[in-house]
Amino acid sequence: MSLESLYQEIILDHYKNPHHKQLHSPYDVEVHHNNPSCGDEVTLRLSVEEGVLASISWNGVGCSISQASTSIMCDLVSGKSKVQGLELERLFLDLMQSKGNFSGDIEVLEDAVAFSGVAKYPARVKCALLGWMAFRDAALRESRESEQGEQREQSK
Amino acid sequence: MPTFDVDLLRADFPILSRIVRNGNKLIYLDNGATSQKPRSVVDAEREFYFHHNAAVHRGAHLLAEEATDAFEGAREMVATFLNAQVDEIIFTKSATESLNLVAYGFLNSSIGAQNTKSPFFVDASMNIVVSELEHHANLLPWQQLAQRTGATLRWFPVDNQGRMNLLDIDSIIDEKTAVVALTHQSNVTGAITDVDRISRRVREVGSIFVLDACQSVPHFGVDVLALDIDFLAFSGHKALGPTGVGVLWGRYELLEQMPPMLTGGSMIESATIDSAQFAAPPKKFEAGVPNMAQVVGLFAAIKYLNGVGMGAIAEHEHQLTARALEGLVSIPGLTIIGPTDLKNRGGVVSFTVEGIHPHDMGQVLDDKGIAVRTGHHCAWPLMQSMKVQATTRASFYLYNSADEIDQLIAGIIDAKKFFKV
Chain A
1 MSLESLYQEI ILDHYKNPHH KQLHSPYDVE VHHNNPSCGD EVTLRLSVEE GVLASISWNG
61 VGCSISQAST SIMCDLVSGK SKVQGLELER LFLDLMQSKG NFSGDIEVLE DAVAFSGVAK
121 YPARVKCALL GWMAFRDAAL RESRESEQGE QREQSK
Chain B
1 MPTFDVDLLR ADFPILSRIV RNGNKLIYLD NGATSQKPRS VVDAEREFYF HHNAAVHRGA
61 HLLAEEATDA FEGAREMVAT FLNAQVDEII FTKSATESLN LVAYGFLNSS IGAQNTKSPF
121 FVDASMNIVV SELEHHANLL PWQQLAQRTG ATLRWFPVDN QGRMNLLDID SIIDEKTAVV
181 ALTHQSNVTG AITDVDRISR RVREVGSIFV LDACQSVPHF GVDVLALDID FLAFSGHKAL
241 GPTGVGVLWG RYELLEQMPP MLTGGSMIES ATIDSAQFAA PPKKFEAGVP NMAQVVGLFA
301 AIKYLNGVGM GAIAEHEHQL TARALEGLVS IPGLTIIGPT DLKNRGGVVS FTVEGIHPHD
361 MGQVLDDKGI AVRTGHHCAW PLMQSMKVQA TTRASFYLYN SADEIDQLIA GIIDAKKFFK
421 V
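Read top to bottom, the protein sequences are chains A and B.
By the numbering used here, the letter at position 71 of the first sequence is numbered 71, and the numbering carries on one by one without gaps.
By the numbering used here, the letter at position 356 of the second sequence is numbered 356, and the numbering carries on one by one without gaps.
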């Protein structure tokens, strides 16, 4: 395992020039996640329109893996349906928990397969997952809130 | 000059010849987190388990007698090491427990049947003093004590060199200060606290001074009487000893007045169904069957440290630190988080490098077999004050060599090339 396969060029590119890294307003939900063992932080905002992830933006501080992973995740899920986004999150989680035994489906996970090397470093898996976990939390929270909103509408 | 041969000494530590990533030899620079163990420490634990294992202070058989002798022998060893009385040494499971034991001594004197005359009584009219440099282990117990009793938490700020700023000492520590709990040496910046200055003030106002000595006792000679303090905590595993054993030293007259945190077996003089008479210190604070093999391992660790000599160890680490600081300050974009001079400074060096997150720095160094710590080092308030999110920390010990320091410097330069900064 070489450093180059851990830090693939695309990871370093996203680290230096992260995408979606400016918090948008308005938004439906905002979540803040941090990694207490290392102090990495991400704030993520999400807007959903008719089941589609219409806008996703974030800000945060952390290592190249956490920052690049959040950037690539936003590229990947943006414009997809919430259901598809959560499915991608599940596939990425599988990849991270693979201990490096598989490399991920590039057709589905696209640039996010660049993190397959991270799975061999257990201490760094949580870095790669930080943004994804924030996304999952935001998506589920949005579902709950819109459900409650509908119930309120109905009870009127 | 060091009075010991580092290469010869390294042979006592089997782990130091381990091959780690990419066929590299381990360069262990994470001693602030935990130290490696010489063969004699592990042998002592094995010898205890294979030949003398029995519950100490009970049992009428030969093994119980031998185990008790070994256990109490370790207490004597620690007492001599710290220049303390043998009955003032309490074995705990960790320094964290040691510090909590004192904090709970205060809490248990201040709730329920209060004893306002007790030196451990604290209420909302009083204050508790810590510093921004504290490791969470010496912050949380006091912060929580303040919350539970209504006392005000006060703290010494950190200056831009990573040292405790004592300018306002006379207003921070006053007649209403119940306790002053401070680190002896920062686990992040390496700054050594001016204990003399603080203990003079503590004596003026009649307060109690607790010293977190986790980063000092393993590295230089510490004399509790000379320091004029009241309590001191350190952990065995940072001082070549096993995990699972910590030490609390306290002045005997204070220990006598301090209620226990844990109650149970072997800490009583007598007990009935609804009352108990506690044993005298130190037993009052050692409920339950203790971590005996670990205590015996700590005996071997201190014996090892004494054999090398604490003065020689301090001098060796001083030279390593000088070499590290000289190399680090010459790297463009690198900032030392802590004092850049060698005065009152231990062998812990934290730094940041522009454009490289500490985790990524740690990863590149790990790739070369160099083990360092990255992150916030369980000292969030300090990181917030120094305005850094995380640092990379190299911390040295008696078995580190000048060549290892040079490889650390070379590794950092390589990391800059790798990340193109």
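By construction, these hints were calculated from the structure, which means they are not laboratory data.
Hints are supplied without guarantee of correctness; some may be wrong.
Here are the simulated EDC-like pairs of lysine to aspartate or glutamate, each with C-alpha atoms no more than 20 angstroms apart in a straight line [said to hold, decoys possible]:
(1) B:Lys-176 with B:Asp-159
(2) B:Lys-416 with A:Glu-9
(3) A:Lys-99 with B:Asp-366
(4) B:Lys-417 with A:Glu-9
(5) A:Lys-16 with B:Glu-354
(6) A:Lys-126 with B:Glu-204
(7) B:Lys-303 with B:Asp-43
(8) B:Lys-416 with A:Glu-4
(9) A:Lys-126 with A:Glu-153
(10) B:Lys-420 with A:Glu-41
(11) B:Lys-368 with A:Glu-4
(12) B:Lys-387 with A:Glu-41
(13) A:Lys-16 with A:Glu-41
(14) A:Lys-16 with A:Glu-4
(15) A:Lys-21 with A:Glu-41
(16) A:Lys-99 with B:Glu-204
(17) A:Lys-120 with B:Asp-366
(18) A:Lys-16 with B:Asp-43
(19) A:Lys-120 with A:Glu-50
If you want the ones that stay clear, here's a sample from chain B, every Cβ over 10 angstroms from chain A, calculated [claimed, not checked]:
(20) Ala-11
(21) Pro-14
(22) Asp-43
(23) Thr-152
(24) Asn-160
(25) Ala-312
(26) Ile-336
(27) Asp-341
(28) His-357
(29) Asp-360
(30) Gln-363
(31) Asp-367
(32) Met-383
(33) Lys-420
The C-beta atom is built at its ideal place from N, Cα and C for all residues, glycine as well.
Taking the hints in turn, this is what the structure says about them:
A C-alpha spacing of about 25 angstroms is found between Lys-176 of chain B and Asp-159 of chain B, which places the hinted pair above 20 angstroms, so the restraint is violated. Pair hint Lys-416 of chain B plus Glu-9 of chain A holds up; C-alpha atoms about 15 angstroms apart against a cutoff of 20 angstroms. Pair hint Lys-99 of chain A plus Asp-366 of chain B holds up; C-alpha atoms about 18 angstroms apart against a cutoff of 20 angstroms. Distance hint between Lys-417 of chain B and Glu-9 of chain A is fulfilled; the C-alpha atoms sit about 14 angstroms from each other, no more than 20 angstroms.
Between Lys-16 of chain A and Glu-354 of chain B, the direct Cα distance comes to roughly 12 angstroms. Compliance with the 20 angstroms bound is thereby established for this hinted pair. Proposed proximity of Lys-126 of chain A and Glu-204 of chain B is contradicted: the alpha carbons are some 50 angstroms apart, above 20 angstroms. Our distance criterion of 20 angstroms between C-alpha atoms is met by Lys-303 of chain B and Asp-43 of chain B, whose separation comes to about 13 angstroms. A distance of roughly 14 angstroms separates the Cα atoms of Lys-416 of chain B and Glu-4 of chain A; the hinted pair therefore holds under the 20 angstroms criterion.
Using a Cα cut-off of 20 angstroms, the hinted pair Lys-126 of chain A and Glu-153 of chain A is violated, with the two alpha carbons roughly 39 angstroms apart. With a C-alpha separation of about 24 angstroms, the suggested pairing of Lys-420 of chain B with Glu-41 of chain A is violated against the 20 angstroms cut-off. A distance of roughly 13 angstroms separates the Cα atoms of Lys-368 of chain B and Glu-4 of chain A; the hinted pair therefore holds under the 20 angstroms criterion. Straight-line distance between C-alpha atoms of Lys-387 of chain B and Glu-41 of chain A comes to about 15 angstroms, which keeps the hinted pair within the 20 angstroms bound.
Distance hint between Lys-16 of chain A and Glu-41 of chain A is fulfilled; the C-alpha atoms sit about 17 angstroms from each other, no more than 20 angstroms. For a cut-off of 20 angstroms, the pair hint linking Lys-16 of chain A to Glu-4 of chain A stands: about 16 angstroms separates their Cα positions. At roughly 13 angstroms between alpha-carbon atoms, Lys-21 of chain A and Glu-41 of chain A fall within 20 angstroms of each other, so this suggested pair holds. Restraint check for Lys-99 of chain A and Glu-204 of chain B: the C-alpha separation of about 60 angstroms exceeds 20 angstroms, so the hint is violated.
Between the alpha carbons of Lys-120 of chain A and Asp-366 of chain B the distance comes to roughly 14 angstroms, so the proposed pair stays at or under 20 angstroms and holds. With a CA separation close to 51 angstroms, the supplied pair Lys-16 of chain A and Asp-43 of chain B exceeds the 20 angstroms bound. Pair hint Lys-120 of chain A plus Glu-50 of chain A does not hold up; C-alpha atoms about 38 angstroms apart against a cutoff of 20 angstroms. Look at Ala-11 of chain B: its CB is around 30 angstroms from the nearest CB on chain A, clear of 10 angstroms, so calling it non-interface holds up.
Consistency note on Pro-14 of chain B: stated as away from chain A, and its beta-carbon is indeed over 10 angstroms from all of that chain's, at 24 angstroms minimum. For Asp-43 of chain B, the shortest C-beta to C-beta distance to chain A comes to about 31 angstroms, beyond the 10 angstroms cut-off, and the non-interface label holds. Under the 10 angstroms C-beta cut-off, the non-interface status given to Thr-152 of chain B relative to chain A holds; the minimum distance is some 27 angstroms. With 10 angstroms as the threshold on Cβ separation, the claim that Asn-160 of chain B sits away from chain A holds: the shortest Cβ distance comes to roughly 21 angstroms.
With a minimum CB-CB distance of about 35 angstroms to chain A, Ala-312 of chain B clears the 10 angstroms threshold, and the non-interface call stands. Non-interface call for Ile-336 of chain B relative to chain A: holds, since the shortest CB-CB distance, roughly 19 angstroms, exceeds 10 angstroms. At the 10 angstroms boundary, the C-beta of Asp-341 of chain B stays outside the reach of chain A, the nearest C-beta of that chain being 28 angstroms off. At roughly 4 angstroms from the closest C-beta of chain A, the C-beta of His-357 of chain B falls inside 10 angstroms, breaking its exclusion from the interface.
Taking the minimum C-beta to C-beta distance to chain A, about 5 angstroms, the non-interface status of Asp-360 of chain B is violated against the 10 angstroms cut. The non-interface label for Gln-363 of chain B is inconsistent with chain A: the shortest C-beta to C-beta separation is roughly 7 angstroms, within 10 angstroms. Not every CB of chain A lies more than 10 angstroms from the CB of Asp-367 of chain B, the least distance being 5 angstroms, so the non-interface label is violated. A Cβ of chain A approaches the Cβ of Met-383 of chain B within 10 angstroms, the least distance being about 7 angstroms, so the stated non-interface status is violated.
Look at Lys-420 of chain B: its CB is around 8 angstroms from the nearest CB on chain A, not clear of 10 angstroms, so calling it non-interface is violated.
When each numbered hint is compared with the structure, violations occur for hints 1, 6, 9, 10, 16, 18, 19, 28, 29, 30, 31, 32 and 33.
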